[in-house]
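So the sequence lines, in the order shown, correspond to chains B and D. Per the numbering used here, residue 841 is the first one in the first sequence, and the count goes up by one each step. Per the numbering used here, residue 841 is the first one in the second sequence, and the count goes up by one each step.
A hint or two may mislead.
Repeated chains share a single entry, so a pair holds when one copy, or any two copies, can fit it.
Claimed, not checked - Derived lysine to aspartate or glutamate pairs resembling DMTMM-like cross-links, with alpha carbons at most 20 Å apart:
no.: 1; residue 1: 1135; residue 2: 927
no.: 2; residue 1: 1051; residue 2: 1084
no.: 3; residue 1: 1022; residue 2: 1084
no.: 4; residue 1: 908; residue 2: 883
no.: 5; residue 1: 1129; residue 2: 1113
no.: 6; residue 1: 1128; residue 2: 1040
no.: 7; residue 1: 1135; residue 2: 932
no.: 8; residue 1: 872; residue 2: 906
no.: 9; residue 1: 1135; residue 2: 921
no.: 10; residue 1: 872; residue 2: 1080
no.: 11; residue 1: 1129; residue 2: 927
no.: 12; residue 1: 908; residue 2: 1047
Read the hints as simulated data drawn from the structure, not as lab findings. Since we're looking at a predicted model, the values are computed, not measured.
Chain by chain, the residues run as shown.
Protein chains: 2
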Amino acid sequence: MAGKKGLFLGVDLGGTNIQAAAVRKGKILISKKTSTQANKGAEVVIDRIEKVLRQVMDKVDKSPGDFKALCIGAPGAVNLETGMVNEAPNLDWINVPLGKELEARLDLPVFVDNDVNVGTAGEHAYGAGRGAQHMVGIFVGTGIGGGVIINDQLHYGGRGAAGEIGHMVIVPNGRLCGCGKKGCLEAYASKTGIAASIREQISLGRDSYLKKALKRKGKPPLSSSLIEEALIAGDPVTIEAIKDAQFYLGLQTANLVNTLDPNIIVFGGGLVEQLGKDFLKPIKKTAKKYYLQQKHTNRIQIVPAALGDDAGTIGAAVVAQLRHQSNQ
Amino acid sequence: MAGKKGLFLGVDLGGTNIQAAAVRKGKILISKKTSTQANKGAEVVIDRIEKVLRQVMDKVDKSPGDFKALCIGAPGAVNLETGMVNEAPNLDWINVPLGKELEARLDLPVFVDNDVNVGTAGEHAYGAGRGAQHMVGIFVGTGIGGGVIINDQLHYGGRGAAGEIGHMVIVPNGRLCGCGKKGCLEAYASKTGIAASIREQISLGRDSYLKKALKRKGKPPLSSSLIEEALIAGDPVTIEAIKDAQFYLGLQTANLVNTLDPNIIVFGGGLVEQLGKDFLKPIKKTAKKYYLQQKHTNRIQIVPAALGDDAGTIGAAVVAQLRHQSNQ
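This is chain B alone, in the form it adopts within the complex:
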C-alpha cells in the first residue's frame, strides 16, 4: 500500500474530449481519452467520464481504494464547495451536480474546479512555473482563460471567480466580446478575437489568406494551425491581427505585473503551443516597456507552458491532492 501513496486521478473535461489520468507526483501513470458527446446531455457525459476513469483505474490497480481523490477540470464556472458546474457553455450545461454524481458512483473524494485554474496549478507544480511563489497563467485558445497563484496557492477569490484575465477590458467601449461586454482582452487576442480582426479588414475590402476559412460556420472560427499557415504564407492581414493580439497581451501582462508583481507569467493554450516561443517575443517586449518599476525586471519571467495537453490531467491531480490534504 505504501507504494500507492499519493495516487490521484485527474480529468480534463473539454467540449470535444474527456481525458482521464492516474497521476503520482506529477507523472502520468496511465492516461485514457474518449469523446465527450456533449450533445447527448449531461447524464451521458457523466457516464463517459465514469467509464474512462474505470478504464484508467483498472489499468493501474484493481482496488479503487488506492486512489486518494479525483479532481475534474471543467470548462466553466463551478461551485468549489458543492462540485456543481454552474455554467459550461461548451457543454451546454447549467447547474450540473458533477461532483456529487461522480462521488456517489466512484466512492472516493471528488473535487471539481475550473479547467484553467487546474491547468495553472499543473504548470505551477510540475511545469514551467515550478518554484515560483507568485505566478499568473494565461491560456490563449478559442477564448482566453487565466489562473493566479499567490504564495504557492491557487487564488480563488471571495466568490471563486478569480483569474478571468480574458475578460479584463483593454479597449474601453471596444469590440463586443462573446461574454456580452465590450473591449475584453479575449475579443482581440484569442483565436476568436484574431478572426474578428481579420474579418474587419476583409469587410473593409482587403483580401486575406483566411477569407475562405472565415466564411465557414462553426466554432472555433479558426484553428491554430490554420493561423500558422496564413502567417507562413505571409498574409499581411493575419500578420497585423497577430501583432495586435500580441500588443494587447503585452499590455495586459504589464497590467498584471504592475498589480501583482508575479515571479513568472506562463502562457499556454492552443495558439501559444502552435506558434511557439516566437509568439511570446513581442508580448515580452511590450510588457517590459509598460512595467512601472523598471528595477529587477529580469526577475519577471514570461515563458511558454511546459505540460502541453497533459496540463489538464496533471493539474487536476495536483488540485485533487491539495484539496484532499486540506480537507484532512
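We have chain B; now place chain D onto it with these hints.
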C-alpha cells in the same frame, strides 16, 4: 509593562507634512505633525522625523523600550528588506537609507514601506476593509496608488512592486502619464488626469470654471476642493472630466474583480474624501456591469475609506506590528 504591550509607532511621510503617532490596537494615543521641508535635503527630513517621533514618545512614556517597532510609510518605491527609499519623486529622494538611519538613532526596529501599502493595511486592519479576506485599496489623489490584500496579508509580489493600480493601462496608446508611459489609469482618473481632461477641452475652445486655476503653475494642478467647487457651480467641462474618471475607475475596478475577486474594494485618497460617497456611485455601476461572473455580486463591496488622514499613521503602526512579529 504589560499595559505597554503592543505599542507601535507609525509615521506618514508626505511631500508636505510628516505625521507621527503612537498607536495601540489601531487607536492613536498621541499624534504629532510637522512640515517635511524636503527642499532642505534628506538629512534635514530625517532629523525632523526623529524630532517629531521623540515628541510623540515623550508624551506617551519616558522609556523608548516600551515601543516595539516603528514603520514609516514613504511616498515612493522602497526596499522592504533594507529600509532604503529607492525613489520618492515628491521628496526628490534617490536611494536614501531611511530605515538604517532612524534605527541607529532610535534604538528600535524600524521598517519602511510604501505609503499606499501602509494605508491599505490600515484600512484592512481597522478601517473600511476590516474582516475582508481579500481587499484592494485604490487611493485617488494627485496620482493613483493601490494596495492588494490577499488572505489577510499585504501582497508585495516578487520584487515588492505590487499594487501599482494607477499604472494599469486602460487606454492603449492613450494620454501620456507622468510615469512616461501611455494610457495609464492615473492619466485619466487622478486629479492630474482630470486636470488634463479639462485642459484638453479648453484647448478645443471650450470655457471652464477652472480655466484660471489651470493657468497657475505648480503641483498638484487642481485641489480636490476646487474640483468640488466647479462641480457645485455646474461646470459642464468638469462634470464630463469627472464622469470620464469614474468610467475608467469603474472599468479598472471590474478588471481587478475579474482577476482577483476581492471581497471589498476600498476607495480612499484626497479626491474621494472630498467628493464623498456620491463619487463612488457611478464607479460601482460601471464596475458591476463589467463583472464577468454576475453571480453573488452582492458579495463584492465598493466602499469609501474610513480612516481619513489617520490611515497613514495607523497603517504604518499595523505594518510595524506585522513585520515585527514575523521577524521574531
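We went through each hint and held it up to the structure:
Taking the shortest Cα distances, residue 1135 and residue 927 sit within 20 Å of each other only across copies (11 Å), while inside one copy they are farther apart (42 Å). In this homomeric assembly, residue 1051 and residue 1084 come within 20 Å of each other (Cα to Cα) only inside a single copy, at 18 Å, whereas the closest approach across copies is 38 Å. Taking the shortest alpha-carbon separations for residue 1022 and residue 1084, both the intra-copy value of 17 Å and the inter-copy value of 16 Å come in at or below 20 Å. Proximity of residue 908 and residue 883 under a CA criterion of 20 Å is satisfied in neither setting, with 25 Å inside one chain copy and 62 Å between copies.
Taking the shortest alpha-carbon separations for residue 1129 and residue 1113, neither the intra-copy value of 25 Å nor the inter-copy value of 33 Å comes in at or below 20 Å. In the homo-oligomer, the alpha carbons of residue 1128 and residue 1040 never lie at most 20 Å apart, since the shortest distance is 29 Å inside one protomer and 29 Å across protomers. For a Cα distance limit of 20 Å, the shortest separation of residue 1135 from residue 932 across copies, 18 Å, qualifies, whereas the shortest one inside one copy, 47 Å, does not. In this assembly of identical chains, the alpha carbons of residue 872 and residue 906 lie at most 20 Å apart only when taken from the same copy (18 Å versus 65 Å across copies).
Taking identical chains as interchangeable, the C-alpha atoms of residue 1135 and residue 921 lie at most 20 Å apart only when they sit on different chains, with a minimum of 15 Å there against 41 Å within one chain. Proximity of residue 872 and residue 1080 under a CA criterion of 20 Å is satisfied in neither setting, with 39 Å inside one chain copy and 59 Å between copies. When the C-alpha separation of residue 1129 and residue 927 is checked against a cutoff of 20 Å, the pair qualifies only between copies, where the shortest distance is 19 Å, while the shortest distance within a copy is 38 Å. Proximity of residue 908 to residue 1047 under the C-alpha cut-off of 20 Å is found in neither arrangement, the shortest distances being 56 Å within a copy and 71 Å between copies.
Of the numbered hints stated above, those contradicted by the structure are hints 4, 5, 6, 10 and 12, listed in ascending order.
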